[in-house]
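K.L.:
Okay, here's what each chain looks like letter by letter:
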Amino acid sequence: MRRFLVRRFGQAIVQLLLVGSIVFFLARLIPGDPARAALGDAATEEQVALTRAAMHLDEPFLGQFLGFWARLFQGDLGTSMISGRAVMQDLPSRIGNSLELVLLALAVSLVVGIVLGRIAATRADKPADHALVAGSIFGISLPVFVVGTLLLLVFAVLFPILPPRRFTSPWEDPVAHLQILILPVVTLAAASCAVITRMTRAAMLETLNADYVRTARAKGLAEKRVIRRHALRTAMLPVVSMTTVELTTLIGSTVLVETIFGWPGMSSLLMNAVGQRDYPVIQAVVLAAATIVILVNLVGDLAVRVLDPRAEDN
Amino acid sequence: MATAPESVAQALPDTPSRANGGRKPFFKRMLANRRTSVAGAFLLLIVVVAVLAPLIAPHDYRDIVGKPLTSGGTLGIDDFGRDVLSRLIIGLRTSLGVAVSAVLVAGVIGVALGLVAGYVGRWVSTIIMRGIDVLLSFPPIVLAIAVVAILGPALVNVVLVIGVLYIPRFTRIVYSQVLSIRSMEYVEASKIMGTRPADILAKTILPNVSAPIIVQLSLSVSFAIQMEAGLSFLGLGAQPPLPSLGTMVGAGRDFLEVQPTLLIYPSVLIILVVLALNVFGDGMRDLLDPRHRGKNS
Amino acid sequence: ACGNPVTLPESMEAVRPNAGGPSRGGALYFGLSTDPANLDPHVSTGSASDYLRQLAYNGLVQYDGSGEIIADLASEFGWSDRLTYKVKLRPGVRFHDGSTLTAEDVVFSFRRMMDKETAATSGPLLDQVDSVEAVDATTVAFRFEQPDVAFPFALAAPTSNVVSRKWIESGANTKTQMMGTGPFRFVERIPGVSTTFVRFDDYFEPELPYLNGIVFQPMGDDYARVTALRTATVDMIDYVPATHVGVITRNPRLRFASDKTFGFGFVGFVTTQRPFDDVRVRKAIALSINRPSVLDTALLGNGRPMDGALMPETFAPYASRLDGSMPYDPEQAKFLLKQAGQEGLTLPVVTTSSYSVIARPAQAMLPGLRAAGMNVNLTQQEWLTFRASVAGKTFPVHSWGTAPKFGDPASLSDFIGSSGAFAENLDFRDDKIDDLLAQGRRTTDPNLRNEIYLEAEKRALELVPMTYTIRREQGEAHYTHVRGYEHPPKGAWTATALRRTWMEKTA
Amino acid sequence: MTTGTTTGTETGTTPSDTILAVERLSVDFQIAGEWTPAVKDVSFSVAKGEVVALVGESGSGKSVSSMSVLGLLGPNARRRGSIRFGGTELLGLDEEALRAIRGRRIAMIFQEPMTALNPVYTIGEQIVEAIQCHEPVPAAEARARTLELLKKVGIPEPERRMHSYPHQLSGGQRQRAMIAMAVSGSPEVIIADEPTTALDVTVQAEILELLRRLREDLGSAVVIITHDMGVVADLADRVVVMREGQVVEEAPVTRLFSDPRHEYTRKLLSAVPRQQPGEEPEADAGDAGGSTTLRVADLEVEYPGRLGRKGFKAVHGVSVTIEKGKVLGLVGESGSGKSTIGRAIVGLVRASAGSIEICGQDVTSLKPKELRGLRRKYSMVFQDPGSSLNPRLSIGDSIAAPMIVNRYADRRAVQQRVLDLLDQVELPTGWADRFPHELSGGQRQRVGIARALALDPELLIADEPTSALDVSVQATVLRLFQDLQDRLGFSCLFISHDLGVVELLSHDVAVLQHGRLVESGPARDVLRDPRTDYTRRLIAAAPVPDPVEQAERRRLWREMAG
Ligand SMILES: Nc1ncnc2c1ncn2[C@@H]1O[C@H](COP(=O)(O)OP(=O)(O)OP(=O)(O)O)[C@@H](O)[C@H]1O
Ligand SMILES: Nc1ncnc2c1ncn2[C@@H]1O[C@H](COP(=O)(O)OP(=O)(O)OP(=O)(O)O)[C@@H](O)[C@H]1O
Ligand SMILES: [Mg+2]
Ligand SMILES: [Mg+2]
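Chains as they are written, first to last, in my numbering: chain A, 1 to 314; chain B, 1 to 297; chain C, 1 to 507; chain D, 1 to 562.
Hints listed in this document are in silico derivations from the structure and should not be mistaken for laboratory results.
Among the hints, a few may not be true.
[What the hints assert, rightly or not] Here are the simulated BS3-like cross-link-like pairs (lysine-lysine), alpha carbons at most 30 angstroms apart as the crow flies:
| hint | chain 1 | residue 1 | chain 2 | residue 2 |
| --- | --- | --- | --- | --- |
| 1 | D | 367 | B | 203 |
| 2 | C | 260 | B | 67 |
| 3 | C | 432 | C | 458 |
| 4 | D | 377 | B | 191 |
| 5 | C | 116 | C | 86 |
| 6 | C | 260 | C | 458 |
| 7 | B | 203 | D | 377 |
| 8 | D | 313 | D | 377 |
| 9 | D | 324 | D | 367 |
| 10 | D | 313 | B | 191 |
| 11 | C | 334 | B | 67 |
| 12 | B | 191 | D | 369 |
| 13 | D | 369 | B | 203 |
| 14 | D | 367 | B | 191 |
| 15 | B | 191 | D | 324 |
| 16 | A | 126 | B | 28 |
[Said to hold, decoys possible] Chain B regions said to be covered by chain C (calculated; three or more residues, Cβ under 8 angstroms):
| hint | stretch |
| --- | --- |
| 17 | 60 to 68 |
| 18 | 75 to 83 |
| 19 | 139 to 153 |
| 20 | 238 to 247 |
Don't be surprised by glycine CBs; every beta carbon is placed ideally from N, CA and C.
Full structure from sequences and hints, please.
P.N.:
Below, the structure is given as structure tokens:
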């Protein structure tokens, strides 16, 4: 296990170096000029050129590239070219806000998806199963922003049960914070919930037929326990290993959700930075996101190893 | 697949299997399953509509045919005064075209990578699978914006972007499946015969990992329709006035309270297509698997 | 506060009624269409950021409710002779740090704006200023080589702010901090979350401001911004999208403060690229745009078609004389195209997807162009990409939207003058227009100016370097309990009205 | 306890002894909406402390009948008739009451311990769970009992093994854990469904010994399902023979073996390969000066360890040769490296040292291209007929595959040859388009043989080709194999743990232990007159289908093992 961890950490570092380098060049390949973004609409070409120089955008790529890594290794994520703020000043809290949304949505979709998947599997080919399959298709088919908009319209405007509030930090007012969390989390969870339902159903249909489930029944275990401890537990293995892919999908979807609900997360920071070609911020956010994804993949692989004792040996 | 004529099959002596549906030709078996055939018929209809879209649409999708946001035409008039039905038909064509080709791109590349990584193993799989992780770790929208911004917002590029973004889904699934199949004795039997590795992958392993691929394909089409919609939401999908179901949903959002049908019609169409694809995909998975032959008649 | 917005203390939200006058206290929550990225007093990244700037800083002069220029930090101001403009400062004005405003600070501020390195938004408007000096402790003199009628507009611009010399020279980060003489003190900006201001108690106008604080919350998504207003999450929003004007005006608790004069859409041509170097082609395109229909579909009628002058009649008396110069006439357009040998022309047009007020008109004009036998390849690009395309002239035609910099025909030069920021994108240069514009800027007689600019606009309508499409209705929406707010009048693009806004009660 | 007097079974157990009575049991399965019978009017009974063996061909309903007892069939099953346990009617008993019986009073041992144990829990956890579900004992006590049980079933190092997951145990150990779980509730009846299939003889002997001891210690009745007549002879008191869902004969074990009444029983017994004195594969023509088909010299195979971990050396310097037309039997206990040698010869694993010559060419040094030509000279029959055929290919296509890959002939000729081969392995030629799952195990194995013979190989590697088949099928396959070998005269490396089979087929035998050759020579010499203890133990462990003789062998084996 330790060897596995060491090796995977080594790979993770290589991956991050790769991500950092790719994003450095990718960001600069996008047409558009950060100097233009910093100066607004009415600036003349001459002003833009001067500002470009002030932003060191005229310097050779290679120098900028090496400088980026040199600073990064000193723990300096850089400073926004547009707002002049140090990236470190904003990034941690924004990542925190995004992760809160994403992890909660993941938790919700795991819990709901597994419960529904279990119901669908134990009632396979009965009306409840068909309804759940159709329902999950519904969740998969509707674009995130439509779900978000509809929820806003219904629960905030028409029947103001959960009006969007000013963003309140959980430390100041946990109740208000929870209230503003509900709609974005539900929006985000809708699609992945459907995917997890389908996956759980498929996996459980397999395990329900497994010999060891029959063994568990033969032992005299109560049916509930047979399903929970024996059928469901092993069915979780494929679900867990797909959950990591699902998490990255969720991180991707937060762009829309954060925009719609005005959630101050990492994605909106990133979208702003992309819109302004604020290279240091883009680089920092993408690196942060990549770190999360790579870590999550690692944790996922570890989880499978822990949950499935067989995995270690092959 | 060698299929014997039915008469021969029935003339056979006592068989150990009771799978008597097993001898029917593929197509007949498909028709025998009501859910699969209804879904298949619907998809066929959709494809015909998509292919013949310009001929079927009652109006040019760009023409002003009435007062904006009224209920003229069959399904109403949109905010630019255009016929909603005609735009739905053309939008269907756009969305299906983009989504299906994107998923095919992703499927072909992703499956190939997964097959190679799983079969060859060792450093090859490390490189492929860690590369896939790198791909996964880019926020999809960033990758999309960057690539589309560099290549331009043409639909082909959108197909490429979505295709590349969806590669990991296929690679991961295929990889884990191949790992469990590559040591099966029938694979070893192929090796001993001297079958080339490429043939073993394509003809022996691929068909046996096809079930999850088919499910993933049908699921991914829905994600791709959405992704295109998401990209249009960010101004990167189909370029106006060309509609796609996604852009129509996005545009309909603004008129949710004025004329909700602008949002409802394309949404319902997406749901129907995805539902049909999934039902059909599940049905195909069972039909293609000889072990499921004759199960549900 | 770790990434979470500074919510103002509850006590600040209380409103104290004041018999016979504006109530005091309360906090205004404002949903802003863009997150003001850069707080520099002299560089504007767009109208949203000007709201903030004008709360913390003051200029020498400002616009009043009817768009006339009145004093701000100045107590007296005006041309002392043809080539000298003098400003006498109000006494006893204090900066937020307690120091007193001096003429030195004013001189320093304008020199900073005129320094090209600053890339100040007002910089180009100050290009005629020869020197700026402190005459005495409270008087500043601007000297010119030739008269400049547009200069007062430069002084009233939202980015012509006076800063503390000491503060800047102490190395303050002007992008992240604000420190001025304005009615509100800057507290904190959390990117993407909020920017918070509280009342400055030592403001030089004793009554002002009425509010205890203002919190701006960026809400980029139109739908989200309108919803936030409808659910009373915020008291006020800017940039009401045309598609939601109806929802807002139907609600009796909301007020829509808007104008139809200022913002407009246009289609620009790279006049050096074939076949758009042929004026007949440009004119044909201009004639094929069905402006009333564009207005009805793109903006749901919220605006006015624009078939004559660029400048609105509110500050250009000649404007009505040009009405109807660019009718919808596809037949004539076809004829012109035929003449130019460009029948069945394919038109590559670029526009931006980032702003619906720009994207929607571009889309709405397509049927008209098709009716005249043209094929349009519309490409929507993300904002900065679009800007790069326009500046790089990679598309021969672009569809854009903007507003004049200030409420005087002198602002025409941005669009049709050869060095104008927008004309640069068109490769457009016409000596006659340049002459007229220079003349207009020197001429003080209003009637004469009127004739000169009429002439310039006429010529622009003949040469069609760009064709104007529609004026959009643009404005802010707020609850009726928010009082005293006025939309910037007469194209006077400013947001000083927020300084005088008060609340009758909280939401 | 109401005494349901059973109408006496043929052998008439006294009703008072009867603990489990199955009467006129019929089981139907709903397939494609239709009810298909699997078991028809089956009756048998079991007395206290008695061992009843259920035997019969594959698919005859043995497992279904036994699982009916505890209601463990899926939701698509329908049972009719009566199953009485003590005085309780089990059919139609509600789930709650049934659960009180399951595990506690009637326990089951399933056929495949790998799949029947949950792979994600340690065996300790699974046994503790079994204990606790019937008695609310504290965790510590349950663990202590588990430890005791593991000791009782003879798992070495029970403290450590308790915390092992199923995959970390050998097949025999897994089966013991399964048994420990089954007896944890001191059940009155143990139903063991093929508890020793796929285990090698030595392990099998230990497990049978264990079952016997348990019966003595707990006084439980045992229902054992098996296809191995040797096992029956070893363990059973009474035998129930089933065929096509019906009981065809029921008799005490000695009588059944001495005087089988039903024709099918006789067939079953005669199908068991056993050494007929004096009979051995005749040394045929190739004998004199025959060329050598396979020469393996000083073969070493090492499985690489993962990432720097030490590898595992499975074969140590083994040398064997097979002359043209000869069969070499390779025997040895589980894990001794038999399969590894076979796999090394066909190139599925790399030899780390030594040489392998096939028809005079050293395959270890050939390049893939050069190997191509040689490929058609050898082929392999795999152990598991289920997994060696591609489930997506029709059997005709499977048989045709080697011919197509090696461009043996044009399509038409290949088709013809497929039909010929099917004919040779005695399958109807019309079955070419069937899929593997539509065939029985024996039929599948024949397809595997047909495929291996498609290119007229000179060397055939057969890795336990019959271990997973029931006796009657096994007999057919073996007969066929012998036949083909006689006719076609290929050389063969025959890997097996069934000494009877080996003796039947092989000219020579090589005995393997821990990857080393311990003994080799002509089959008769080695098997009749083993020189090493290891070989002797191997021979003694194999049960013979004769209750009397087997009792004697068991005594011998106990001595050796003890
Ligand atoms: N769940 C099921 N659904 C449908 N048919 C079944 C099911 N289980 C068993 N059968 C059928 O019932 C018949 C009896 O099967 P059973 O498992 O009892 O055979 P068996 O005697 O145990 O054979 P083997 O020696 O191969 O284990 C077979 O034809 C089998 O295909
Ligand atoms: N892929 C592998 N990696 C590492 N070790 C292996 C591998 N395959 C087999 N072994 C080990 O090599 C040894 C010999 O295995 P092999 O399969 O040749 O045994 P066998 O004699 O065929 O046994 P059985 O009768 O159980 O089939 C065993 O200890 C086994 O654990
Ligand atoms: Mg069985
Ligand atoms: Mg083996």
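K.L.:
For every hint, state whether the structure bears it out.
P.N.:
Structure-based check of each hint:
Our distance criterion of 30 angstroms between C-alpha atoms is met by residue 367 of chain D and residue 203 of chain B, whose separation comes to about 24 angstroms. For the given pair, residue 260 of chain C sits about 23 angstroms from residue 67 of chain B by alpha-carbon distance, which is consistent with the 30 angstroms threshold. Note on residue 432 of chain C and residue 458 of chain C: the hinted pairing holds, with a Cα-Cα distance of about 11 angstroms set against a maximum of 30 angstroms. For a cut-off of 30 angstroms, the pair hint linking residue 377 of chain D to residue 191 of chain B stands: about 14 angstroms separates their Cα positions.
The suggested pairing of residue 116 of chain C with residue 86 of chain C holds, with an alpha-carbon distance near 23 angstroms, which does not exceed 30 angstroms. For the hint linking residue 260 of chain C to residue 458 of chain C, the alpha-carbon distance of about 22 angstroms falls within 30 angstroms, and the restraint holds. Distance restraint check for residue 203 of chain B and residue 377 of chain D: the Cα-Cα separation of roughly 23 angstroms lies within the 30 angstroms cut-off, and the hinted pair is therefore satisfied. The hinted pair formed by residue 313 of chain D and residue 377 of chain D meets the criterion: a straight-line CA distance of about 28 angstroms does not exceed 30 angstroms.
Distance hint between residue 324 of chain D and residue 367 of chain D is fulfilled; the C-alpha atoms sit about 25 angstroms from each other, no more than 30 angstroms. For the given pair, residue 313 of chain D sits about 23 angstroms from residue 191 of chain B by alpha-carbon distance, which is consistent with the 30 angstroms threshold. Of the pairs offered as hints, the one joining residue 334 of chain C and residue 67 of chain B holds, with about 26 angstroms between alpha carbons and a cut-off of 30 angstroms not exceeded. Pair hint residue 191 of chain B plus residue 369 of chain D holds up; C-alpha atoms about 14 angstroms apart against a cutoff of 30 angstroms.
Note on residue 369 of chain D and residue 203 of chain B: the hinted pairing holds, with a Cα-Cα distance of about 21 angstroms set against a maximum of 30 angstroms. As the CA atoms of residue 367 of chain D and residue 191 of chain B are separated by approximately 15 angstroms, the hinted pair is consistent with the 30 angstroms bound. Between residue 191 of chain B and residue 324 of chain D, the direct Cα distance comes to roughly 25 angstroms. Compliance with the 30 angstroms bound is thereby established for this hinted pair. Among the hinted pairs, residue 126 of chain A with residue 28 of chain B is consistent with the structure: their alpha-carbon atoms are about 25 angstroms apart, no more than 30 angstroms.
Coverage of a stretch by a chain is defined here by at least three residues with a beta carbon nearer than 8 angstroms to that chain's beta carbons; for the stretch 60 to 68 of chain B and chain C the count is 4, and the condition holds. Coverage of the stretch 75 to 83 of chain B by chain C holds in this model, with 3 residues showing a Cβ closer than 8 angstroms to a Cβ of that chain against a need of three. Remark: the stretch 139 to 153 of chain B is confirmed as covered by chain C, as 4 of its residues place a Cβ nearer than 8 angstroms to a Cβ of that chain, reaching the required three. Check on the stretch 238 to 247 of chain B: 3 of its residues sit with their Cβ under 8 angstroms from a Cβ of chain C, so the three-residue criterion for coverage holds.
Violation of the numbered hints given earlier is absent; every hint is satisfied by the structure.
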